[in-house]
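K.L.:
Produce the entire structure from the sequences given, and follow the hints as far as they go.
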Amino acid sequence: MTQERQPLYEIGDIVKLSAGGPDMAVESLVRHGRTDEFTGTYYAQWFAGKKIDKSKFPEESLTLVRKKGAQE
Numbered sequence: 004m005t006q007e008r009q010p011l012y013e014i015g016d017i018v019k020l021s022a023g024g025p026d027m028a029v030e031s032l033v034r035h036g037r038t039d040e041f042t043g044t045y046y047a048q049w050f051a052g053k054k055i056d057k058s059k060f061p062e063e064s065l066t067l068v069r070k071k072g073a074q075e
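Sequence positions in the sequence shown follow this note's numbering and run 4 to 75.
Hint data in this document are derived by calculation from the structure and do not stem from the laboratory.
The C-beta atom is built at its ideal place from N, Cα and C for all residues, glycine as well.
Check the hints yourself; a few may be wrong.
[Claimed, not checked] The calculated label-pair distances, taken between Cβ atoms and stated as ranges, are: (1) L67 with R37: 27 to 33 Å; (2) K54 with R8: 16 to 22 Å; (3) Q9 with E30: 17 to 23 Å.
[To be verified] Under the rule of at most 30 Å between Cα atoms (straight-line distance), these lysine-lysine pairs were calculated in the BS3-like manner: (4) K70 with K57; (5) K71 with K19; (6) K57 with K71; (7) K57 with K19.
P.N.:
Written as structure tokens, this is what we have:
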């Protein structure tokens, strides 16, 4: 039996791509439909001008900027 993968980031954490780009907020964790196990992927959202954008990112491509609720 394998142990379920635990997410590094929580909903509301601020992250960015390791390669750079805008700060993004973790919106949700992607889970397997049948098992509800974390897949290692997140949906994150950010503002592109006045428009909010959203996409899916693997955990390995993200870097933590600050934890949810932490002061800037």
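K.L.:
For every hint, state whether the structure bears it out.
P.N.:
Checked hints:
1. The hinted range of 27 to 33 Å is satisfied by L67 and R37, whose Cβ atoms lie roughly 30 Å apart.
2. Our hint of 16 to 22 Å for K54 and R8 is violated, since their Cβ atoms are close to 32 Å apart.
3. Distance hint for Q9 and E30: a CB-CB separation of about 19 Å, consistent with the stated range 17 to 23 Å.
4. A C-alpha spacing of about 19 Å is found between K70 and K57, which places the hinted pair at or below 30 Å, so the restraint holds.
5. Taken as a hint, the K71 and K19 pair is honoured in the structure, with Cα atoms around 14 Å apart against an allowance of 30 Å.
6. At most 30 Å may separate the alpha-carbon atoms for a hinted pair to count; K57 and K71 meet this at roughly 18 Å.
7. Pair hint K57 plus K19 holds up; C-alpha atoms about 13 Å apart against a cutoff of 30 Å.
The structure fails hint 2 only (numbered hints given earlier).
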